[in-house]
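Respectively, the protein sequence lines represent chains C and X. Heads up: the first sequence begins at 5 in the numbering used here, then just goes up one per residue. Heads up: the second sequence begins at 47 in the numbering used here, then just goes up one per residue.
Mixed in with the good hints, there may be bad ones.
[Claimed, not checked] Reference listing, derived: stretches of chain X covered by chain C, where coverage requires no fewer than 3 residues with Cβ under 8 angstroms from a Cβ of chain C: (1) 165-173; (2) 357-367.
[What the hints assert, rightly or not] Listed next, the in silico EDC-like pairs over lysine to aspartate or glutamate satisfying Cα-Cα at most 20 angstroms (straight line): (3) C:397 <-> X:364; (4) X:378 <-> X:241; (5) X:188 <-> C:191; (6) C:383 <-> X:364; (7) C:397 <-> X:234.
Don't read these hints as lab results, they were simulated from the structure. Yeah, the Cβ is synthetic: ideal placement off N, Cα and C, and Gly gets one too.
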Amino acid sequence: MKKTIQLLLALSFCLLPATVSGQGLDPASILKASGNSWPTYAGDYSQRRFSPLTQLNTTTVHNLTLAWIGHLSAGPGGFGYPTITGGVAANPVTIPGSSEGEPHVSGSILEVNGILYISSPDNAWAMDAHDGTVLWHYFWKSRGATHIGNRGLALYHNWLYLETPDDVLVSLDARTGKERWHRDISDFDEQYFSTAAPVVVGNHVLVGTGDDLDAPGFVQSFDPETGALQWKFYTVPMTKDDPAAKTWSSLDAARHGGAMVWMPGSYDPETHLYIFGTGNPIPAYTDATRGHLPDLYTCSVVAVNVDTGKLAWYYQTSPDDTHDWDSTQAPVLFDGTFHGKPRKLVAQASRNGYFFVLDRVTGQHLLTSKFSGAANWAKEIDASGAVVREPSKDSTVAGSLVSPDNGGATNWPPPTYDPQTGLFYVVLRENYSEYYLTTKNPRLMVGLGGKEEDGVGTLGTSIAAIDYKTGKLAWKYRFPNINGGWGFSGLLTTAGHLLFANDTAGSLVAYDAANARPLWHARIGAPTNAAETYMLDGKQYVLVAVGPSIFAFSLQ
Amino acid sequence: MPTYWAQPPENSACSPWLLGDSSRLRYSSLRAFACVFDIRGLNFMSLRFSLPCAGVLALALAAVAPAQRPAPAAHPAPAPLQRVRHSAYPVRPSADPAVVAHGKQIFETNCAFCHGEDARGGETGPNLVRSQIVLDDQNGEKIGVVVHNGRPNLGMPKFSLSDQDIAAVATFLHAQPLSDRGAPTQLDILVGNAEAGKAYFNGAGKCSSCHSATGDLAGVGAKYDPKTIQNFIVSGGRGRRFGPRAGAAPKIPPTTVTVTLASGQKVGGILNHLTAFVVALTQPDGTYRSFLRHGNLPKIEVHDPLQAHTEMLPHWKDTDIHNLTSYLVTLK
Numbered sequence: 005m006k007k008t009i010q011l012l013l014a015l016s017f018c019l020l021p022a023t024v025s026g027q028g029l030d031p032a033s034i035l036k037a038s039g040n041s042w043p044t045y046a047g048d049y050s051q052r053r054f055s056p057l058t059q060l061n062t063t064t065v066h067n068l069t070l071a072w073i074g075h076l077s078a079g080p081g082g083f084g085y086p087t088i089t090g091g092v093a094a095n096p097v098t099i100p101g102s103s104e105g106e107p108h109v110s111g112s113i114l115e116v117n118g119i120l121y122i123s124s125p126d127n128a129w130a131m132d133a134h135d136g137t138v139l140w141h142y143f144w145k146s147r148g149a150t151h152i153g154n155r156g157l158a159l160y161h162n163w164l165y166l167e168t169p170d171d172v173l174v175s176l177d178a179r180t181g182k183e184r185w186h187r188d189i190s191d192f193d194e195q196y197f198s199t200a201a202p203v204v205v206g207n208h209v210l211v212g213t214g215d216d217l218d219a220p221g222f223v224q225s226f227d228p229e230t231g232a233l234q235w236k237f238y239t240v241p242m243t244k245d246d247p248a249a250k251t252w253s254s255l256d257a258a259r260h261g262g263a264m265v266w267m268p269g270s271y272d273p274e275t276h277l278y279i280f281g282t283g284n285p286i287p288a289y290t291d292a293t294r295g296h297l298p299d300l301y302t303c304s305v306v307a308v309n310v311d312t313g314k315l316a317w318y319y320q321t322s323p324d325d326t327h328d329w330d331s332t333q334a335p336v337l338f339d340g341t342f343h344g345k346p347r348k349l350v351a352q353a354s355r356n357g358y359f360f361v362l363d364r365v366t367g368q369h370l371l372t373s374k375f376s377g378a379a380n381w382a383k384e385i386d387a388s389g390a391v392v393r394e395p396s397k398d399s400t401v402a403g404s405l406v407s408p409d410n411g412g413a414t415n416w417p418p419p420t421y422d423p424q425t426g427l428f429y430v431v432l433r434e435n436y437s438e439y440y441l442t443t444k445n446p447r448l449m450v451g452l453g454g455k456e457e458d459g460v461g462t463l464g465t466s467i468a469a470i471d472y473k474t475g476k477l478a479w480k481y482r483f484p485n486i487n488g489g490w491g492f493s494g495l496l497t498t499a500g501h502l503l504f505a506n507d508t509a510g511s512l513v514a515y516d517a518a519n520a521r522p523l524w525h526a527r528i529g530a531p532t533n534a535a536e537t538y539m540l541d542g543k544q545y546v547l548v549a550v551g552p553s554i555f556a557f558s559l560q
Numbered sequence: 047m048p049t050y051w052a053q054p055p056e057n058s059a060c061s062p063w064l065l066g067d068s069s070r071l072r073y074s075s076l077r078a079f080a081c082v083f084d085i086r087g088l089n090f091m092s093l094r095f096s097l098p099c100a101g102v103l104a105l106a107l108a109a110v111a112p113a114q115r116p117a118p119a120a121h122p123a124p125a126p127l128q129r130v131r132h133s134a135y136p137v138r139p140s141a142d143p144a145v146v147a148h149g150k151q152i153f154e155t156n157c158a159f160c161h162g163e164d165a166r167g168g169e170t171g172p173n174l175v176r177s178q179i180v181l182d183d184q185n186g187e188k189i190g191v192v193v194h195n196g197r198p199n200l201g202m203p204k205f206s207l208s209d210q211d212i213a214a215v216a217t218f219l220h221a222q223p224l225s226d227r228g229a230p231t232q233l234d235i236l237v238g239n240a241e242a243g244k245a246y247f248n249g250a251g252k253c254s255s256c257h258s259a260t261g262d263l264a265g266v267g268a269k270y271d272p273k274t275i276q277n278f279i280v281s282g283g284r285g286r287r288f289g290p291r292a293g294a295a296p297k298i299p300p301t302t303v304t305v306t307l308a309s310g311q312k313v314g315g316i317l318n319h320l321t322a323f324v325v326a327l328t329q330p331d332g333t334y335r336s337f338l339r340h341g342n343l344p345k346i347e348v349h350d351p352l353q354a355h356t357e358m359l360p361h362w363k364d365t366d367i368h369n370l371t372s373y374l375v376t377l378k
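Extracted from the complex, chain C is given alone in its bound form (with noise of 0.2 angstroms):
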């Protein structure tokens, strides 16, 4: 009998979920992040936004089927559900889609428990994962800023944390959508706005933030019960004794040099490391006034210790770029095999068309390669595997036919890496632009200024697969469309042996992930964020948005 009931309690704790009594979100089974929520920006810390879950597979996934749709709305409230307001603006702005209408929903979404944390810029919301219902809302007043985009919320045990556009950290009662506190990420006067999801680590909340003139690039760990700043890492030397200060032409150009960590990062708990990327240098457009010289940490891949927030490692992508390619773009974490040995990975394929690979333990430089076809702004490859600028695809007053466009080979929205495949997929973009030179005073090129930029052409959208170990496309499956396109999306792979995609013609995807042979899909319109999975109640729920509307698919 004893035997017996022993035995009925240790198969009880095993189905227990990973977080206790059903109550929030505690931190350390983000690390063991089992597949069946999605309690993180990436769903886990690695980026791979691979799946193991099995259920949706080559051979089930035409039967997947819609299950509810969640509708959103934008501002102060009236909606039937309790929204609840902050903000520290006097005179908040009116700003169409984040304080009235209908919200863009760009982001990620937290799964936990059956409940969706959802957000987008001054908004949050909780939903609930079984029919679509809203439980709360919260709105944030705002004064302002760069409204792009908001990239999704973290949790830590019962709170969210939810950067605003206008540079403050809120943090959230997850129950019920109240303000427990909020804190200033950056300063909003010198054109910072934030827009990055902030990433729980342990008992570290870190939050990035972007600028659009001519600030300091940094990244910071905020206390997540008091919000209190733990530490913050700038990513251009702030003093004369930085050992990178002499990688600029002065500190002055250092210290309004960018690299902004727009995008959250990866984390590898066996090193503690926080593993992101940096935006490009400042003036973007023009290094006459910064120097021909690198501009660390500019358009890198870096590495800081989570409890510290001292540099470990870093990998500059582009030196000295001239195109605004930042390299924020997710570093990849993954085991594999290069050159025969096992290696633990990082893998980044970056918005100026290059794919790189790096041991994510050391940093060392291991493969650069080119993965759009169309990027023609580049010289060579040099022994150290940095991408070295051909000045005269520069912007220039003549005009210079330059690929990829300012909106870059590919951008924020997240690749995908498939251990089973060996795979790096990411969405390709390869269009061409006139890049004209405005001024011939570099003096004048302040922020973003100096550059008018002319589409003119393209050579398709795809979804390019890397084979990792070479650097090389394995296939490139272009996206058919004629004059159907619109914006693209983030990847999703799964144990399934599927890739999900938003295919840029208004419809979301499921692939066969060996070969991109459409298996599944739906059009619903234009899915705004990245496809994602968990299971609910033994089935696998497919998860996407379409601008304020959350589409859910599942086996019925």
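Based on these hints, arrange chain X on the given structure of chain C.
The following block gives chain X in isolation, referenced to the frame of chain C:
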């Protein structure tokens, strides 16, 4: 609008240009197309011969609603992303030019030696246009503190300027543009050699296989400004038009498609839209037809009259483009 825009380059801009597939560059849905030939015969070459009738057709078509892509039934296009265009920041009331001029005079006499004539930094003084003190300053009150006290530890002496003069300097500094992000160029872009451009046009560039300086491109130099012409050389005529001579959109024949059904019947017309799952077209008689696609069925042949331009994208040399531009602007 494309969602990838979102992080304008998290920074990038609010640019009015379209960053996306050119298939989405819909400038004029009214496309005067060449005389209606048999679909199979409609090709690039015919453009040259069809222009006389294109004019007549254009008039006729102008009265007809252009073939629009029907709004998707499932969900309307997503709301355009916020592309707030930043002006110089912070926002200041417009400055009295006399005060700006006076401030400039004082600045040049007292400050330019260290801070540069344009206030954007000199040998020993930092960029004042970007100085946080200057940005926060309203009317000289913050600037005045620095001017009157100097910065002895950084080598800046004191200046005993009156409050009124300091306010004028402040007005001058505040009037300096911070960033002109994305503003169109006003510079002269012509650097090429017209003779070389003509030789390329008729020779290595093979432009003359479809175009004619006395035919479809006659007068192009008078109709469009140089930057528009240059962009059109690459794009094939799609894209924004600039400048005072914005002109009418070039007449580009539409993309056409022939669908071969399982029965063998062919249906053809102007392509409305094509995805992996649907092909839709407008027949010559105006009927809208659409067909679901399953893999490679039905058989589809698309003809894009601008195909040659698209294929040229990876092969262009900037010098050839510049030379062509210099040549085409002479076609008045």
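Hint check:
no., hint, in the structure
1, 165-173, "holds (count 4)"
2, 357-367, "holds (count 5)"
3, C:397 <-> X:364, "holds, 9 angstroms"
4, X:378 <-> X:241, "holds, 15 angstroms"
5, X:188 <-> C:191, "holds, 19 angstroms"
6, C:383 <-> X:364, "holds, 15 angstroms"
7, C:397 <-> X:234, "holds, 18 angstroms"
Going through the hint list in order, the structure satisfies each hint without exception.
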